[in-house]
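Work the whole structure out from these sequences, hints included.
Take the sequence shown: its letter number 47 is residue 47 in UniProt numbering, and every next letter is one higher.
Warning: the hint list may mix true and false statements.
[Claimed, not checked] With a Cα cut of at most 25 Å, we get these calculated BS3-like pairs of lysine-lysine:
1. K60 - K18
2. K60 - K110
3. K82 - K60
[Stated by the list, open to error] Per label pair, the in silico range of CB-to-CB distance:
4. G86 - N16: 17 to 27 Å
5. P40 - L113: 19 to 29 Å
6. G111 - D91: 31 to 41 Å
7. T37 - V105: 16 to 26 Å
8. L113 - D25: 12 to 22 Å
Honestly, the hints are just simulated from the structure, not real lab data.
We put the beta carbon where it would ideally sit given N, CA and C, even for glycine.
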Amino acid sequence: MTARLIGLPKVLTYRNQKIRDSARDEECLVRLPGACTHDPRTTIWSHYRGAAGGKAGALKADDLCGAYACTVCDAIYDGQRKPPAGMTYADVVVAWFEGHIRSIVRLHEKGVLK
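Here it is as structure tokens:
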């Protein structure tokens, strides 16, 4: 099946509830210095913001394209909050990608991804 977005066909976005649910009580793996809450109660599955991960308009990226992030780190990555002092948005993106890699490894360790 495809969805038409701006005249281009797009494969429907991959969704996996187990991935999203696995964020419950996980540590934040994005870890923005000076901003991260380090509180597992605030961790969510933060979706990638780019088109390469399936994001288009109001559609979130594929669930595979995400990271365990506290709500503060996610808000900074999403652009809802400013980066911490001394960090550029490019630094935030690098930290998010490092968190993404840590999260994929963690999903495999937990048996969510095989």
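Now the hints, each set against the structure:
| no. | hint | result |
| --- | --- | --- |
| 1 | K60 - K18 | holds (16 Å) |
| 2 | K60 - K110 | holds (24 Å) |
| 3 | K82 - K60 | holds (21 Å) |
| 4 | G86 - N16: 17 to 27 Å | violated (36 Å) |
| 5 | P40 - L113: 19 to 29 Å | holds (20 Å) |
| 6 | G111 - D91: 31 to 41 Å | holds (32 Å) |
| 7 | T37 - V105: 16 to 26 Å | holds (22 Å) |
| 8 | L113 - D25: 12 to 22 Å | holds (18 Å) |
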